[in-house]
Amino acid sequence: MSENRPLVETRNLCKYFDTPRGQLHAVEEVNLSIKAGETLGVVGESGCGKSTLGRVILRLIPPTRGEVYYEGENILEYRGKQLKKMHVNMQMIFQDPFTSLNPRLSISNIIAEPMKVCGLVRNRREMAERVRELMEVCGLPARYVNTYPHELDGGRRQRVGLARALAVDPKFIVCDEPVSALDVSIQAQILNLLMDLQEQKGVSYLFITHDLCVVRHISHQIMVMYMGQVVEFAEKNELFKNPLHPYTKALLSAIPTIDLSRRNRERQLLRGEVANPINPKPGCRFAPRCAYAAQECLEPQTLREVAPGHKVACWRCQG
Amino acid sequence: MGNKMQKPANENLLEIRNLHVRYNTDEAVVHALNGFDLTLKRGETLGIVGETGAGKTTMALSIMRLLPKRIGEVTAGSIIYDGIDILKASANAMLKLRGKRISMIFQDPMTSLNPVQTVGSQIYEVLELHYPEMTREEKHRRVDEMLELVGIPPARKDEYPHQFSGGMKQRIVIAMALISKPELLLADEPTTALDVTIQAQILELVRELKRQFNTAMILITHDLGVVNEVCENVAIVYGGEVIERGTIEDVYVREKNHPYTEGLFGAIPDLVTDLPRLKSIPGYMVDPTNLPEGCKFADRCGFCTERCRRENPILHRLSDTHFIKCHLFEEGSNHE
Numbered sequence: 001m002s003e004n005r006p007l008v009e010t011r012n013l014c015k016y017f018d019t020p021r022g023q024l025h026a027v028e029e030v031n032l033s034i035k036a037g038e039t040l041g042v043v044g045e046s047g048c049g050k051s052t053l054g055r056v057i058l059r060l061i062p063p064t065r066g067e068v069y070y071e072g073e074n075i076l077e078y079r080g081k082q083l084k085k086m087h088v089n090m091q092m093i094f095q096d097p098f099t100s101l102n103p104r105l106s107i108s109n110i111i112a113e114p115m116k117v118c119g120l121v122r123n124r125r126e127m128a129e130r131v132r133e134l135m136e137v138c139g140l141p142a143r144y145v146n147t148y149p150h151e152l153d154g155g156r157r158q159r160v161g162l163a164r165a166l167a168v169d170p171k172f173i174v175c176d177e178p179v180s181a182l183d184v185s186i187q188a189q190i191l192n193l194l195m196d197l198q199e200q201k202g203v204s205y206l207f208i209t210h211d212l213c214v215v216r217h218i219s220h221q222i223m224v225m226y227m228g229q230v231v232e233f234a235e236k237n238e239l240f241k242n243p244l245h246p247y248t249k250a251l252l253s254a255i256p257t258i259d260l261s262r263r264n265r266e267r268q269l270l271r272g273e274v275a276n277p278i279n280p281k282p283g284c285r286f287a288p289r290c291a292y293a294a295q296e297c298l299e300p301q302t303l304r305e306v307a308p309g310h311k312v313a314c315w316r317c318q319g
Numbered sequence: 001m002g003n004k005m006q007k008p009a010n011e012n013l014l015e016i017r018n019l020h021v022r023y024n025t026d027e028a029v030v031h032a033l034n035g036f037d038l039t040l041k042r043g044e045t046l047g048i049v050g051e052t053g054a055g056k057t058t059m060a061l062s063i064m065r066l067l068p069k070r071i072g073e074v075t076a077g078s079i080i081y082d083g084i085d086i087l088k089a090s091a092n093a094m095l096k097l098r099g100k101r102i103s104m105i106f107q108d109p110m111t112s113l114n115p116v117q118t119v120g121s122q123i124y125e126v127l128e129l130h131y132p133e134m135t136r137e138e139k140h141r142r143v144d145e146m147l148e149l150v151g152i153p154p155a156r157k158d159e160y161p162h163q164f165s166g167g168m169k170q171r172i173v174i175a176m177a178l179i180s181k182p183e184l185l186l187a188d189e190p191t192t193a194l195d196v197t198i199q200a201q202i203l204e205l206v207r208e209l210k211r212q213f214n215t216a217m218i219l220i221t222h223d224l225g226v227v228n229e230v231c232e233n234v235a236i237v238y239g240g241e242v243i244e245r246g247t248i249e250d251v252y253v254r255e256k257n258h259p260y261t262e263g264l265f266g267a268i269p270d271l272v273t274d275l276p277r278l279k280s281i282p283g284y285m286v287d288p289t290n291l292p293e294g295c296k297f298a299d300r301c302g303f304c305t306e307r308c309r310r311e312n313p314i315l316h317r318l319s320d321t322h323f324i325k326c327h328l329f330e331e332g333s334n335h336e
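Line by line, the protein sequences give chains V and G.
The opening residue of the first sequence carries number 1 in this note's numbering; numbering runs sequentially from there.
The opening residue of the second sequence carries number 1 in this note's numbering; numbering runs sequentially from there.
Looking at chain G on its own, in the form it has when it is part of the complex (with noise of 0.2 Å):
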């Protein structure tokens, strides 16, 4: 990871530009992602916050190459991570990408385990396939001490994940992916199988991590209580785009934001205002095997005009990190 610091002239580590993912599934084709925007810079925090098929996790296999074969299909658009061009690299030039320099976490710890072979096992396995010209005891000491550093005693190492509680597994998986010491690590849901107590003990150790590697993150999630805790910066999803980017500041001081943000915030109930009712999103999520010719939100906002049904907006800019991609922001014209 050192020596990729130093290159200064590359100041973006990941950069999406435009992308198209759809799954053609027997019954229709699912538009997944439509022109999905992202860059991340070396080191950032960055949540993505989304409903239930919003095209949060296909963006995240995207970026691994892990999209169901036949089924999911790029169509359009690029993934640049670090100068590679990911669409286009061979399979090997994956492999060495995959788990050594880009991590991910899964949202149910159990599965992501192997329930056969030992916790210890299986966090060397990582070493054994990535760092071959490591020595064994230079192995074991590594892994001993990552186990020590995401808070499992490092005893326990020959135990099976059955043995460990759920928090305790999505411990050992963090241990996985951060033991080959990647640039970036793809979190999705990492807290959402877990108890609210549980939750806080694993996000003060993705806290702990990133300030020691310096890992670049994205944190997928659909809590945006969760990215306030960990991020610097957010995404906001809908329909497969980003429909507003920015400094946690920017969007949670909740001054300017596009429709659909201010309708989440709305629902939310939180712990300090008294609201008689929530105020909740009308309708329900874009269908994305029949997406609307405009804005995907349009149905559901109470800003839309004719236009908004006509032509998809383009991202808007507010200040020098805050987009928003609504019709509303554009240029010349007051919201509210």
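For reference, chain V alone in the conformation it holds in the complex (with noise of 0.2 Å):
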């Protein structure tokens, strides 16, 4: 593969969901791209589509419009044994260590059998041993292997959700708010992990968290989310040094942080609450919450660059 060319990239990826109210534009005109090897960040509010995004991405649900592509191939044709061959390239981890896996199923069972699915293994030996070396990566003592999901806490459960997402040596990974049910000490150590791994292995992550400290620990790029569009995209220090969006801005102005100096700050406070976006207008969805908005809102916003690398989708924002 060129070093140029995206590991992962949408085009114009758009999930609308029929509700008996209308139509609900989840995810809106998405154009990404993620390299090999490097963290994109995708932050926003619940409802802001993030977790639609990442599912998406993975053929999870069909998109209504749009492509995506993996090596520069449009997954969205795939069939049949072409798309077991793409889940052995991408992979999930999902939010609640909970619900995520089989209760039913014994530790080793989890974690092998996405390589049973995709065929990637032999043997029993071979299986035990590869499920024996995927427990090690991901800090597992070995004498949980028979055990059951409902023996672990929160923290190892979701350790056996990054082996089991590990397991076909995947090149992508969607992490859909992988540490928010996880306690901080523990979180750290997933992040820690997930950071190795890439470190290692050269994986690269969509990472999807509403958590703005984490994202900025975790990412290379960054991607803001409101109501389904995004609204900001810039590297990580580029967003946090210059954020442009008025949305980006509240956001970072409202995060609690252990910065004592940040005590007595200034605090800009958004009026109201995220509304559904069903049927929505044309204009900036953002606008009713925005102490900016003007005339000029009710316009389409598209992405625009202001500076290299930096997009805003805001009329006001010049680079």
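Please keep in mind that the hints were generated in silico from the structure rather than gathered at the bench.
There could be a bad hint or two in this list.
[Stated by the list, open to error] Residues of chain G clear of chain V, computed beta-carbon distances all greater than 12 Å: (1) G77; (2) H140; (3) T191; (4) K210; (5) R211; (6) Y260; (7) D270; (8) T305.
[Said to hold, decoys possible] No more than 30 Å apart at the CA atoms, straight line, and that leaves these computed lysine-lysine pairs for DSBU-like: (9) G/K210 with V/K171; (10) V/K249 with G/K88; (11) G/K88 with G/K100; (12) G/K279 with V/K241; (13) V/K249 with G/K279; (14) V/K35 with G/K279; (15) V/K201 with G/K279; (16) G/K279 with V/K236.
Glycine is no exception: its CB is placed at the ideal position from the N, C-alpha and C atoms.
Given two chains presented individually in distinct reference frames, assemble the corresponding complex, making use of the accompanying hints.
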């Protein structure tokens, strides 16, 4: 693979859901690209479409429109065997380690299942060996091999979920809030493990989270979503040093941190709450909560590059 | 509330001494609190920080005497609230305390509201129960005022909980908790279920209402950041004990901390520093069904010695406000 070609790419990806009250635009015209060995962070509040985006990319739900490319090939056209091959390269870690593991399978069977499905191992010995290896990589003591999910706590279950995703040796993993359900000391262990794996194996991540501190720590590029649309996209340091979109600014102002100097900062509070993007109007979806809203905001806002690699969907923002 | 404030002799509103609470379940005995000490002054805002299973919620339930019947058991210690011994008080005395002088806000606003009762009548109910002398008009006026105060149009008081969003529901719960003008508010993870921008709104509301009512507050959370936003003082809890206590400045300046507190700070990514990796705390939370003899943190601590495994440390005083429960801070010894 050439250096410049992205590993995963989407073009005008859309996902609409039909609801009794109208069409819900969960993901709207998302264009993203992730290079091999890099992490793209997706931040936003609940209902902004970040989880739907992750699922559509993995074809867990079919998109309404748009294309998803893996190493330059449109995976939406894949059928049968090709699909199985695709899932060898693309895997997922789920948010809730309590509901994403089959309670009736032992830990070793949970980790072995993707290898069986994809036909990656020849015999039982090889499989057992591989499970042992994966458990070690993910920091699970070998004595858990025959236990069941309910016997483990959240942190260890999340390690099982990670070991299962790694079982097929994927090049790309969608991490959907993998640490949100965990305590901070355990959260740090899992984040470090994910970063170590990236360093050793060159895995790419699409890291979905609502936590700006976590996303800053783990990502190379960051995408901020609001009601299904990407409102800002930039390299990590650029985004935190020079946030442009009013929503990004408000998010940054809202996060509680352990920094004493931020205690008495001027807080920018957002009015109101996130609405549902059901039959949305063409204009900026953030406008009803935006302090700078004006007549121009009724026009559709498109992502524009205002500085190298820094894109914003707001007509007011100039680099 | 006003007349209570004029008693300067008793500055401490709440004193918890050496509290031991355990849960007797079918499988095992869970030691939730193991010598929990805490004092709270009138009007003070204290953050209680700890991870899952540290005993934070058990502490709040003990104060309210809402521990699960037959399972939860206080085995030692005392809780004194404004001169009243909570553990010995009659059921009737508790009814007068609970919801009137002490209020509680729970993590999930959906489960703490009655789904088949309008929100207005749920707030009204508090007044009916605790202020029977008030006239109906007076009560209705108070409900409207309170709704206004928490940022909900009083016109919506005849709606049901499901018609409100999560943030709005938490505002209603706060209105319910504060309408009786309590002296103490126990907030158990009040913003954990909310989005950051909504969390910021609720925290601002809490700050504002505290200024107005001068209510003392215990804010229970796992998030050191949230404590930094609203509290003056903080207590860090591990294995059912307070292992560090101080003003926000004492603790957050990060010069002298309990090794566990240090670990917590190291494990949180922030918005300023760039680290290749976070410093995680090795191992897992201490098992409350099988507590070690000495320091509960010994197994995960980088400074652990023979003594730590043998002997549980006492709370050492570093300054008038800052206390740490660790052998490293014994007088005469130097930590870093």
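Hints and how they fare:
1. G77: holds (26 Å)
2. H140: The assertion about G/H140 holds, with a minimum of 27 Å to chain V.
3. T191: Check fails; 9 Å does not lie beyond 12 Å.
4. K210: holds (15 Å)
5. R211: holds (14 Å)
6. Y260: violated (9 Å)
7. D270: violated (6 Å)
8. T305: holds (21 Å)
9. G/K210 with V/K171: violated (51 Å)
10. V/K249 with G/K88: Status violated; Cα separation ~52 Å.
11. G/K88 with G/K100: holds (19 Å)
12. G/K279 with V/K241: holds (24 Å)
13. V/K249 with G/K279: holds (28 Å)
14. V/K35 with G/K279: Given that 30 Å is the threshold and the Cα spacing comes to 27 Å, the pair holds.
15. V/K201 with G/K279: Cα-Cα ~22 Å, so holds.
16. G/K279 with V/K236: Answer holds: G/K279 to V/K236 is near 21 Å, not above 30 Å.
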